[in-house]
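Given the coordinates of chain A, work out where chain B should sit on it, guided by the hints.
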Amino acid sequence: MALMSASKTDSPPAAANLPREGGARPRRTTGRSSGSRPRTSRWVEASMVLPALVVFVGLLVVPVGYAVYYSFTDYNGFPTQTPEIVGFDNYVRIFESADVRGSMVVTAIVAVAGSMVVNAAALGLALLLWRTTRFTAFARVVMFYPHVLSLIVVGFLWSAILGPQGAVNSVLENLGRSPLPFLSDETWALATLILVIAWAQFGVQLLIYLAGLQAVPAELLEASRMDGANRWQTFRHVTWPALAPSVTVALITSMISLLKTYDVVVSLTGGGPAGSTKTFAYQILAVEFPKRQVGLASAEAVVLILVAAFLAFGVLALRRRHDQGAQA
Amino acid sequence: MLVNLTDNLTKDFWNDLVKPFEDETGIDVKIEGPTGTNVGETFSSQLAAGTAPDVVQSIFPDDQIAPEVLDLSEESWVEDTPMVDTYAIDGKRLVAGVGSQAQSLVYYNKTAFEKAGIKATPQTWDEFNATLGQLADAGYTPLQTAGQWQTGLQLQQLWHPTLNTEQPEWQSAVADEKLTLGDAFEPMFEHYATWLGDGYIKKTDVGLDPTTADANFMEGKVGMYPLGSWLVASLDNAGELPFEVGVFSPPVDDGMAYPGPQGATMASPYMVYAGSEHSDEALQLVEYLVTDEAAIESQLTADGVFRAGAAVEQSPVATEIQAVIDEAPALVAVGEGAGDIRLPVVGLNDKFTEIVQSLYTGTSPEDAAKALDDWAEQNG
Chain A
1 MALMSASKTD SPPAAANLPR EGGARPRRTT GRSSGSRPRT SRWVEASMVL
51 PALVVFVGLL VVPVGYAVYY SFTDYNGFPT QTPEIVGFDN YVRIFESADV
101 RGSMVVTAIV AVAGSMVVNA AALGLALLLW RTTRFTAFAR VVMFYPHVLS
151 LIVVGFLWSA ILGPQGAVNS VLENLGRSPL PFLSDETWAL ATLILVIAWA
201 QFGVQLLIYL AGLQAVPAEL LEASRMDGAN RWQTFRHVTW PALAPSVTVA
251 LITSMISLLK TYDVVVSLTG GGPAGSTKTF AYQILAVEFP KRQVGLASAE
301 AVVLILVAAF LAFGVLALRR RHDQGAQA
Chain B
1 MLVNLTDNLT KDFWNDLVKP FEDETGIDVK IEGPTGTNVG ETFSSQLAAG
51 TAPDVVQSIF PDDQIAPEVL DLSEESWVED TPMVDTYAID GKRLVAGVGS
101 QAQSLVYYNK TAFEKAGIKA TPQTWDEFNA TLGQLADAGY TPLQTAGQWQ
151 TGLQLQQLWH PTLNTEQPEW QSAVADEKLT LGDAFEPMFE HYATWLGDGY
201 IKKTDVGLDP TTADANFMEG KVGMYPLGSW LVASLDNAGE LPFEVGVFSP
251 PVDDGMAYPG PQGATMASPY MVYAGSEHSD EALQLVEYLV TDEAAIESQL
301 TADGVFRAGA AVEQSPVATE IQAVIDEAPA LVAVGEGAGD IRLPVVGLND
351 KFTEIVQSLY TGTSPEDAAK ALDDWAEQNG
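In order, the protein sequences belong to chains A and B. Quick note on numbering: the first sequence equals residues 1 to 328 in our numbering. Quick note on numbering: the second sequence equals residues 1 to 380 in our numbering.
Worth flagging that the hints you see were computed from the coordinates, not collected in a lab. Hints are supplied without guarantee of correctness; some may be wrong.
25 Å max Cα-Cα, derived BS3-like pairs, lysine-lysine [said to hold, decoys possible]:
#1 K110(B) with K178(B)
#2 K203(B) with K291(A)
#3 K351(B) with K260(A)
#4 K351(B) with K202(B)
#5 K370(B) with K351(B)
#6 K203(B) with K178(B)
#7 K291(A) with K351(B)
#8 K178(B) with K370(B)
#9 K11(B) with K30(B)
#10 K291(A) with K370(B)
#11 K260(A) with K291(A)
#12 K119(B) with K221(B)
So the derived label-pair ranges between C-beta atoms look like this [claimed, not checked]:
#13 D292(B) with F56(A): 18 to 28 Å
#14 A52(A) with E293(B): 54 to 64 Å
#15 G58(A) with G26(B): 51 to 61 Å
#16 T133(A) with K30(B): 48 to 58 Å
#17 Q378(B) with I305(A): 50 to 60 Å
#18 Q378(B) with T133(A): 53 to 63 Å
#19 R177(A) with K115(B): 20 to 30 Å
#20 A215(B) with T187(A): 45 to 55 Å
#21 W77(B) with G102(A): 44 to 54 Å
To give an idea of the chain B side of the interface with chain A (calculated C-beta under 10 Å), a few residues [unchecked claim]:
#22 T37
#23 A52
#24 A130
#25 V206
#26 L208
#27 N216
#28 T363
Virtual Cβ for every residue (Gly too), placed ideally from N, Cα, C.
Just chain A, same shape as in the assembly:
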């Protein structure tokens, strides 16, 4: 049986000459090339870009620039201190400090395991809630609801449920069972943290996958069914390739979001037990800043930005290479 693929090269012949939604639109011909536009037109265009550019520079470039600058200083964050340049000392300290290295490992585990759990849950539920009915419309709202809650609140909520004397362990105790160390064992606490974050965050990824699924061409699904493909084969060879861009976006956004895990750590575990859930962002915000090591904290923030950028570009590059391979 020849199964169909969703790649551009083997689109259904009947649809090949039809304008496709989201595809390239025919270029309008104005009779005037862009190179000969009047100068006033260019000024108008520039003036339209300027507000967005100012906001971008003001809210992103300038703060990041300051962080980079402070990362090379001994600044303590107080207005009375003049930052003194210390070269790469702060970056050296990051990699010499056992605490910081430990928080990096925790963050890597949270980001990798968390994004896998988030995306698996979101994709699974998206497939279940794909078709629009009254029930699935209601279920989508319910599934998105945890994302609306503040992560601080989420942490307190799950702490009350999973704490040593929380709801779950109280039930176990009443049943004569031993309590489970959700928050009192290092490994359990890290797993609990990841699952709680996944519960709170998968709503956005669910929306991304649902949007992606709506864009899967119905004619391809119909054709695969006519060819006798079962559900798994349809998913593997039609739905999954069509979802690839959504998977890329969902993976990148979830990983970057998990790299910044902080709020839920504060309210669920406080970084414990024994520092086992102390993330990199927690180290920056709850350890270095209170100690007024703004230079060191800034260096850590710069490292976090670089890691996030590396991950995002890395996933995009892999996706591009995969697409090129598929087209070839």
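Only chain B this time, still in chain A's reference frame:
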């Protein structure tokens, strides 16, 4: 004014506290709680952002904060405030408080002690170990501990009298490299490891929030509960308890005089931001908070705070705490220290809690002590 918000010190409490001042002076006082995990973190962030409050409560000056706050030495009303000179840096009085909080207290369930056949509160560590065993045999949780910030604090509180007897001003000894942090605390780590191994401390306590630990003690399930004097406010507010509460000073080693020095901190410390555009009003506010009789009484009763000569009606537990304070040979600085008696490293309490928690999850006392020394070396 940036203040600490706790179960005892709620936003309503603070608003009620400053209301008479606002009515009398016409000065509007805006109360704000920490936006980060605590006041120290929030104040540092606000200073960096240029949005520091006029007055900050609950934190103490150190070498970095000192240039950022007003020197109150010339203010005559500071003279009689408690512990003002203990917290002075290079002779400068930068902070004024309402009273002092006793840190090294062990609250105990007198009913549990009676049922367990314990005739007297323990004065040495051997007696303390025996007491734990008797309470366990009688079906009580012998020693209640908790997770989060409380894990490390409780161990320090229990160890203060012994440590300060053996090594007075131990923070200075560490600064002078005559003592390491690991050496200072390893004996107490060994006590904890033994108690965890014997089941006298529940290993799951490390995941317990402090409020639940308070509740466990007040429900009467617990024999002993180490904590500071602020617990008295919760005990007083809890109404009729199913048992009688007693308080004693933690034990000391054999051969040491009992009780040992009592760990104490200035209670409700206030500092005025040097960059404040309303420094006169801020000074008036702090003067009111630390000298007005009604304001003092309100703060003393709200958070288990003690002040010599204050005419405040005390509960029986508070009276016992006052007796513990009166009997102590000295009130000593705790944790990182105070004023000029300070460790050469900042951030001890958070790291200390992390290390004490590692005892609950299987780290040996030797490794815990080494981790403390390694941290001090890397951050000193």
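Hinted contact L208(B) with chain A - closest CB pair below 10 Å: holds (5 Å)
C-beta pair W77(B), G102(A): status relative to the range 44 to 54 Å that was hinted: holds (48 Å)
Cβ separation of T133(A) and K30(B), checked against the hinted range 48 to 58 Å: With a Cβ separation near 51 Å, T133(A) and K30(B) satisfy 48 to 58 Å, so the hint holds.
Hint consistency between K291(A) and K370(B) [alpha-carbon to alpha-carbon, up to 25 Å]: holds (22 Å)
Given hint K291(A) paired with K260(A) - CA-CA distance at most 25 Å: At roughly 20 Å apart (the allowed maximum being 25 Å), K291(A) and K260(A) satisfy the hint.
Holds or violated: K110(B) to K178(B), with C-alpha atoms at most 25 Å apart: Not satisfied, since the Cα-Cα distance of roughly 41 Å exceeds 25 Å.
53 to 63 Å as the expected CB spacing between T133(A) and Q378(B), which holds or is violated: Given range 53 to 63 Å: holds, Cβ gap about 59 Å.
Satisfaction of the hinted span 45 to 55 Å by the C-beta atoms belonging to A215(B) and T187(A): With Cβ atoms ~28 Å apart, the hint is violated.
Range hint compliance [Cβ, D292(B) to F56(A), 18 to 28 Å]: Since D292(B) and F56(A) have Cβ atoms about 52 Å apart, the given range 18 to 28 Å is violated.
Restraint check, 10 Å cut-off on beta carbons, for V206(B) near chain A: holds (4 Å)
Interface hint outcome for N216(B) [beta carbon to chain A under 10 Å]: holds (8 Å)
Pair hint K291(A) and K351(B), alpha-carbon separation not exceeding 25 Å: holds (12 Å)
In this structure, the hints that do not hold are numbers 1, 2, 6, 13, 15, 17, 20 and 24, in rising order.
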